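Chemist: Count the sequence shown with my numbering and you get residues 101 to 387, in order.
Keep in mind that the hints were calculated from the coordinates and are not lab data. Worth double-checking, as some hints may not be accurate.
Claimed, not checked - Simulated restraints, written as ranges between beta carbons of each label pair:
no.: 1; residue 1: K230; residue 2: G144; range: 17 to 25 Å
no.: 2; residue 1: G371; residue 2: A253; range: 13 to 21 Å
no.: 3; residue 1: E374; residue 2: F182; range: 31 to 39 Å
To be verified - Here are the simulated DSSO-like cross-link-like pairs (lysine-lysine), alpha carbons at most 30 Å apart as the crow flies:
no.: 4; residue 1: K131; residue 2: K191
no.: 5; residue 1: K263; residue 2: K277
no.: 6; residue 1: K269; residue 2: K353
no.: 7; residue 1: K151; residue 2: K180
no.: 8; residue 1: K378; residue 2: K185
no.: 9; residue 1: K191; residue 2: K146
no.: 10; residue 1: K131; residue 2: K180
no.: 11; residue 1: K156; residue 2: K131
no.: 12; residue 1: K262; residue 2: K272
no.: 13; residue 1: K191; residue 2: K151
no.: 14; residue 1: K191; residue 2: K156
no.: 15; residue 1: K146; residue 2: K190
no.: 16; residue 1: K353; residue 2: K272
no.: 17; residue 1: K146; residue 2: K156
no.: 18; residue 1: K272; residue 2: K256
no.: 19; residue 1: K230; residue 2: K269
no.: 20; residue 1: K185; residue 2: K151
no.: 21; residue 1: K256; residue 2: K353
no.: 22; residue 1: K262; residue 2: K353
no.: 23; residue 1: K131; residue 2: K146
no.: 24; residue 1: K353; residue 2: K378
no.: 25; residue 1: K263; residue 2: K353
no.: 26; residue 1: K156; residue 2: K185
no.: 27; residue 1: K190; residue 2: K131
no.: 28; residue 1: K151; residue 2: K131
no.: 29; residue 1: K277; residue 2: K262
no.: 30; residue 1: K378; residue 2: K230
no.: 31; residue 1: K156; residue 2: K230
no.: 32; residue 1: K180; residue 2: K191
no.: 33; residue 1: K190; residue 2: K156
no.: 34; residue 1: K269; residue 2: K256
no.: 35; residue 1: K190; residue 2: K151
no.: 36; residue 1: K230; residue 2: K185
no.: 37; residue 1: K277; residue 2: K353
no.: 38; residue 1: K156; residue 2: K180
Quick caveat, the model's predicted, so the values are computed rather than measured. We treat Cβ as the ideally placed atom computed from N, Cα and C, and that holds for glycine.
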Amino acid sequence: MTTKQHVLSQDGMFTAIERSLAMILFDSHGKILWANNNFVQVIGYKVEELKNMNHKQLCLSEFVNSRNYDVFWSNLRNNKAFHDKVERVKKDGSILWLDATYTPVLNEEGHIEGVIKIATDITPRETFLKNSSDEFIALVQEMTASTNVVHNASQKSVNDMKKLVDESKIVKENVEKIQSMASVVKDIAAQSNLLGLNASIEAARAGDYGRGFSVVASEVRKMADTSKNAAEDISSQLNHILNSVTVMAEMVKQVTENINKNSDSIDELKGAYEHITKTAEELSNII
Numbered sequence: 101m102t103t104k105q106h107v108l109s110q111d112g113m114f115t116a117i118e119r120s121l122a123m124i125l126f127d128s129h130g131k132i133l134w135a136n137n138n139f140v141q142v143i144g145y146k147v148e149e150l151k152n153m154n155h156k157q158l159c160l161s162e163f164v165n166s167r168n169y170d171v172f173w174s175n176l177r178n179n180k181a182f183h184d185k186v187e188r189v190k191k192d193g194s195i196l197w198l199d200a201t202y203t204p205v206l207n208e209e210g211h212i213e214g215v216i217k218i219a220t221d222i223t224p225r226e227t228f229l230k231n232s233s234d235e236f237i238a239l240v241q242e243m244t245a246s247t248n249v250v251h252n253a254s255q256k257s258v259n260d261m262k263k264l265v266d267e268s269k270i271v272k273e274n275v276e277k278i279q280s281m282a283s284v285v286k287d288i289a290a291q292s293n294l295l296g297l298n299a300s301i302e303a304a305r306a307g308d309y310g311r312g313f314s315v316v317a318s319e320v321r322k323m324a325d326t327s328k329n330a331a332e333d334i335s336s337q338l339n340h341i342l343n344s345v346t347v348m349a350e351m352v353k354q355v356t357e358n359i360n361k362n363s364d365s366i367d368e369l370k371g372a373y374e375h376i377t378k379t380a381e382e383l384s385n386i387i
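Throw the hints in and build the complete structure from the sequences for me.
Modeler: This is the structure we're talking about:
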């Protein structure tokens, strides 16, 4: 291959690159020297407009005013190439995302003459990723909100169950007190029955003088029997109630334990959602 053929080959390669990619040339201070049609189309400025502009006019003010911008150009002036996706501002003010490579251009003495930038417009991809990330974050936040509602309802159920357990304990204590009172009534009835029996015996001994007293003693015994039966019936009913309260308290305890387990699971799910949201936001910032 001759030197001429080699030069033509290089020219052909440059033409191929220039035809398919966006290209722009800066001097070492960021002044724009040249731009191809592809770059003009993506940035929105005309070639004549770009030649009167500086690199910083195509960047976001936050980047230009940051230390990173000074470091960026300092590295280029020290012959350090740069490649990354960059955020730039089009003529209409909209955001342009470029997959860009900045390469220092050296003269024969090895000094920096300029910086050439070769880029590909990746705005559609970045916009899609950003929108997808935002939608995902919104979805996770909605799911987190729903989980919070369930969590709060679960906590309320736990609190209500605790109150029910406390109330059942009070009912149980009251039933036990009534049982004690019924037991006292049974004892009094038994004593009254015994007194009535003794009175009947004494009345029989008294003969005709004790007949009236005998009738009273008989009535006392009947009342004692009635009181005893009533007390036994009350005691039996209270036993049923006490058993029911005990069973209910045990069931409430089991339900409370299950709710607590579900509440723990909901807390874990909530934590997972929060972690996903944080990760998605970090990815969104990276994007």
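Chemist: Within a Cα-Cα threshold of 30 Å, do K190 and K131 meet the stated pairing?
Modeler: Status holds; Cα separation ~17 Å.
Chemist: Starting from K272, check that the Cα of K256 is at most 30 Å away, please.
Modeler: 24 Å, holds
Chemist: Hey, K230 versus K269, does the alpha-carbon distance stay inside 30 Å?
Modeler: 58 Å, violated
Chemist: Going straight from one Cα to the other, do K180 and K191 come out at no more than 30 Å?
Modeler: Roughly 29 Å separates the two Cα atoms, so the pair holds.
Chemist: Given the hint that K262 pairs with K272, test it: the Cα-Cα distance must not exceed 30 Å.
Modeler: 15 Å, holds
Chemist: Does the structure keep K269 and K353 at a Cα separation of 30 Å or less?
Modeler: The hint holds at about 12 Å.
Chemist: Holds or violated: K156 and K185, Cα atoms, limit 30 Å.
Modeler: 16 Å, holds
Chemist: Does K156 sit within 30 Å of K146, going by the straight-line distance between their CA atoms?
Modeler: Answer holds: K146 to K156 is near 17 Å, not above 30 Å.
Chemist: Holds or violated: are the alpha carbons of K256 and K353 at most 30 Å from each other?
Modeler: 15 Å, holds
Chemist: Given the proposed pairing of K131 with K180, does the C-alpha separation stay at or below 30 Å?
Modeler: Judged against 30 Å, a Cα distance of about 18 Å means the pair holds.
Chemist: Please verify whether K263 and K277 have alpha carbons no more than 30 Å apart.
Modeler: Since the Cα atoms of K263 and K277 sit roughly 21 Å apart, the hinted pair holds (cutoff 30 Å).
Chemist: What's the verdict on K190 and K156, does the C-alpha distance respect the 30 Å limit or exceed it?
Modeler: 12 Å, holds
Consistency note: the structure conflicts with the earlier hints numbered 19, 24.
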